[in-house]
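Visitor: Assemble chain B onto chain A, guided by the hints.
Listed here are the chains, written in short residue letters.
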Amino acid sequence: DAGITQSPRHKVTETGTPVTLRCHQTENHRYMYWYRQDPGHGLRLIHYSYGVKDTDKGEVSDGYSVSRSKTEDFLLTLESATSSQTSVYFCASATGVNTEAFFGQGTRLTVV
Amino acid sequence: AQSVTQLGSHVSVSEGALVLLRCNYSSSVPPYLFWYVQYPNQGLQLLLKYTSAATLVKGINGFEAEFKKSETSFHLTKPSAHMSDAAEYFCAVSAGIGGYQKVTFGIGTKLQVIP
Numbered sequence: 005d006a007g008i009t010q011s012p013r014h015k016v017t018e019t020g021t022p023v024t025l026r027c028h029q030t031e032n033h034r035y036m037y038w039y040r041q042d043p044g045h046g047l048r049l050i051h052y053s054y055g056v057k058d059t060d061k062g063e064v065s066d067g068y069s070v071s072r073s074k075t076e077d078f079l080l081t082l083e084s085a086t087s088s089q090t091s092v093y094f095c096a097s098a099t100g101v102n103t104e105a106f107f108g109q110g111t112r113l114t115v116v
Numbered sequence: 021a022q023s024v025t026q027l028g029s030h031v032s033v034s035e036g037a038l039v040l041l042r043c044n045y046s047s048s049v050p051p052y053l054f055w056y057v058q059y060p061n062q063g064l065q066l067l068l069k070y071t072s073a074a075t076l077v078k079g080i081n082g083f084e085a086e087f088k089k090s091e092t093s094f095h096l097t098k099p100s101a102h103m104s105d106a107a108e109y110f111c112a113v114s115a116g117i118g119g120y121q122k123v124t125f126g127i128g129t130k131l132q133v134i135p
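Those protein sequences? They're chains A and B, same order as listed.
The opening residue of the first sequence carries number 5 in my numbering; numbering runs sequentially from there.
The opening residue of the second sequence carries number 21 in my numbering; numbering runs sequentially from there.
With the rest of the complex left out, here is chain A (with noise of 0.2 Å):
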């Protein structure tokens, strides 16, 4: 299996705050996505990345932004947390265009 993790696992966070959450893979994969998922929407992407400080916005990404330093780890922040993003974080990485995509363990975050 590809080695993907997430953290923090679950987080509990007040409206305001900027909240980040960590992607690590060890797999040297090139392509690396955020999700969230929410019931009645499926996944939705948020931000991707196909290298190195190369990112790009998804179809969801006000009030999210993503870093990528290292080909390893892709952070997304929430840089002002509100209610509409409590949500089910997913973090994702593949290898090229049109591969299969590994996901890590979801992130549960709850914004009161």
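Derived from the structure by calculation, the hints contain no laboratory data.
Wrong hints could be hidden among the right ones.
To be verified - Only pairs whose alpha carbons sit at most 27 Å apart, straight line, appear in this in silico DSS-like list of lysine-lysine: (1) A:LYS15 with B:LYS130; (2) B:LYS69 with A:LYS61; (3) B:LYS130 with B:LYS69.
It should be emphasised that the depicted structure is a prediction, and the values quoted were computed from it without experimental measurement.
Guide: For chain B alone, kept in the frame of chain A given last:
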């Protein structure tokens, strides 16, 4: 642009019965198609993928899917459902555009298997 439509957010089958989960896609370029499975409180894992080599794709746990270009479909089937198949299933389409991969997922279908 690309999109995926999964028909039926919840599907119930009896143990031993045929499983059919429907997926239709749209893509402006030849697509790569995937089915993923998610068990409770876990991440997604690949069941099977279509990469244009063959229209009938076999995956893990006895699942298979058939790519039908004329119908823009990639339905997932299993001849005989097992209790352990109860999970949520996601269809996804991938298109490499300009060298960058973007993957779009459907909303998922929860499969319930009734003993």
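Visitor: State for each hint whether it applies.
Guide: Now for the hints, and whether the structure bears them out:
With a C-alpha separation of about 26 Å, the suggested pair LYS15 (chain A) and LYS130 (chain B) falls inside the 27 Å cut-off, and the hint holds. For the suggested pair LYS69 (chain B) and LYS61 (chain A), the alpha carbons sit about 25 Å apart, so the restraint of at most 27 Å is met. A threshold of 27 Å between alpha carbons decides the hint, and for LYS130 (chain B) with LYS69 (chain B) the separation of about 19 Å falls inside it, so the pair holds.
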